[in-house]
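The whole structure should be built from the sequences, with the hints applied where relevant.
The numbers in the UniProt record's numbering rise by one with no breaks, and the one at position 349 of the sequence shown is 349.
It is worth saying that the hints were derived from the structure and are not from the lab. Treat the hints with care, as some may be off.
Derived pair list, reagent style DMTMM-like, types lysine to aspartate or glutamate, alpha-carbon separation capped at 20 Å [unchecked claim]:
| hint | residue 1 | residue 2 |
| --- | --- | --- |
| 1 | Lys-228 | Glu-177 |
| 2 | Lys-228 | Asp-333 |
| 3 | Lys-109 | Glu-75 |
| 4 | Lys-302 | Glu-426 |
| 5 | Lys-228 | Glu-331 |
| 6 | Lys-138 | Glu-152 |
| 7 | Lys-109 | Asp-191 |
| 8 | Lys-305 | Asp-208 |
| 9 | Lys-109 | Asp-65 |
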Amino acid sequence: MKGNPVMVWIHGGAYLEGNGNDAHYRPDYLMTKDVILVSINYRLGALGFLNLGHKVANGNQGLKDQIAALKWIKENIEAFGGDSNNITVFGASAGGSSAHFLMLSPLSKGLFQKAILQSGMSTCDWAIIKHSVAKAFKLASILGTNSKDPEEVVRFLQGKSAAEIVKAQYTVLTPEEVRIIFMPFGPSINDKAEKSVLPHPVSELINDDNNIPIMIGNSSYEYIFFLKDISQPTLNIMYADIPRYMENFINSQDSEKITQLTDRVKQHYFHNNPFTEENIPSIIQWLSDIHFKLPVKDFVNKRRKKDQASTYFYEFSYVGSQKTPTKLMHENDTINNLTSIGASHIDELAYLFYLPNCKTDDPPARDTKDRKILEILTKMWTNFAKTGNPTPVLDQYVTTTWLPATKDTFNCLNIGDTLQHVTVSEDNIL
Numbered sequence: 001m002k003g004n005p006v007m008v009w010i011h012g013g014a015y016l017e018g019n020g021n022d023a024h025y026r027p028d029y030l031m032t033k034d035v036i037l038v039s040i041n042y043r044l045g046a047l048g049f050l051n052l053g054h055k056v057a058n059g060n061q062g063l064k065d066q067i068a069a070l071k072w073i074k075e076n077i078e079a080f081g082g083d084s085n086n087i088t089v090f091g092a093s094a095g096g097s098s099a100h101f102l103m104l105s106p107l108s109k110g111l112f113q114k115a116i117l118q119s120g121m122s123t124c125d126w127a128i129i130k131h132s133v134a135k136a137f138k139l140a141s142i143l144g145t146n147s148k149d150p151e152e153v154v155r156f157l158q159g160k161s162a163a164e165i166v167k168a169q170y171t172v173l174t175p176e177e178v179r180i181i182f183m184p185f186g187p188s189i190n191d192k193a194e195k196s197v198l199p200h201p202v203s204e205l206i207n208d209d210n211n212i213p214i215m216i217g218n219s220s221y222e223y224i225f226f227l228k229d230i231s232q233p234t235l236n237i238m239y240a241d242i243p244r245y246m247e248n249f250i251n252s253q254d255s256e257k258i259t260q261l262t263d264r265v266k267q268h269y270f271h272n273n274p275f276t277e278e279n280i281p282s283i284i285q286w287l288s289d290i291h292f293k294l295p296v297k298d299f300v301n302k303r304r305k306k307d308q309a310s311t312y313f314y315e316f317s318y319v320g321s322q323k324t325p326t327k328l329m330h331e332n333d334t335i336n337n338l339t340s341i342g343a344s345h346i347d348e349l350a351y352l353f354y355l356p357n358c359k360t361d362d363p364p365a366r367d368t369k370d371r372k373i374l375e376i377l378t379k380m381w382t383n384f385a386k387t388g389n390p391t392p393v394l395d396q397y398v399t400t401t402w403l404p405a406t407k408d409t410f411n412c413l414n415i416g417d418t419l420q421h422v423t424v425s426e427d428n429i430l
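This is the structure we're talking about:
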């Protein structure tokens, strides 16, 4: 007898924090849909991604943990009522980019059949850590050794407690790097390891992504989640940092190109006005675009033109009354007023999981908009896990057939108060 479809959840947290335990993501809502849910943990920060450019520490240990979990699931899930040949990986933010890296890695081929990438993928400007080896040696220097011998550095770090390493990892970044959402440790390219998780640049690996069906998308105003301060002095610094943001976005130090992009940003988003409180929504839109939405759009646009498995593209724009991670983070500050602008980073998780930290309704009451969105999301996500199609049949909640993005039509499903198909323009803003 064939088992139930399996969904493997990979939590986010900037590769630095978080876990997949019940205290963060309780499975109540998905458990009503006849799927097996597996939520995994993996090593984080320097403990999970230290890359000294040498076999003693060649990075991506956290991704190797994810692959080890998938191998175990593949071999053992039938004993738990799961179908080992119908496994879907899904994740949000750094969990979404992790799921995409698993699609690209030669070490995880055949371990899953579908993927859902939520607000994160391999080509986002934060997904791959730049100068990862230099950051690893800087961590060692902060902790007390300036040795450039990788083996000696590893022996030194083994003498430090995990708490010391975790505390020090946050000081690896300069204040300028912190402002642009650089992350100190995370996935990196390694062409020296005998069995590398990511042996080539993403631009090469992305051409062979296992050719599996995917769902992929983001929220309409991702960056609300990340705003920490909207005082005028901070806005002035952000304005001065536009060239630095664009340098990171294109991963190039071509000064002429950076200047051109900076001018385009100032004109397109801000009509050449300085940053003020009045144009904060435009600031949010710009940073949402460069960190999340434009890389995802570009990837979907390229993938849809190939003769590949289905690509279901979405934008989550629903703003409900449930306390989302963004509302929880900003409930006591001035940024809380911005949460009504639109859906922010990982807001959809409040309708896929019960989030104990948010103390949301459990579940939202029937006949409310929040309950309707919960039913829509859990139905479409689990339908995709079961069949590779999020809307094989329609019902009282899912009333629109979600069409994949194809060579002929750049389809996107807007998930708001209603489900609405839009045709995306191929034109690039930047």
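To see whether the hints hold, each was checked on the structure:
{"no.": "1", "hint": "Lys-228 <-> Glu-177", "in the structure": "holds, 15 Å"}
{"no.": "2", "hint": "Lys-228 <-> Asp-333", "in the structure": "holds, 9 Å"}
{"no.": "3", "hint": "Lys-109 <-> Glu-75", "in the structure": "holds, 14 Å"}
{"no.": "4", "hint": "Lys-302 <-> Glu-426", "in the structure": "holds, 10 Å"}
{"no.": "5", "hint": "Lys-228 <-> Glu-331", "in the structure": "holds, 12 Å"}
{"no.": "6", "hint": "Lys-138 <-> Glu-152", "in the structure": "holds, 14 Å"}
{"no.": "7", "hint": "Lys-109 <-> Asp-191", "in the structure": "holds, 18 Å"}
{"no.": "8", "hint": "Lys-305 <-> Asp-208", "in the structure": "holds, 14 Å"}
{"no.": "9", "hint": "Lys-109 <-> Asp-65", "in the structure": "holds, 15 Å"}
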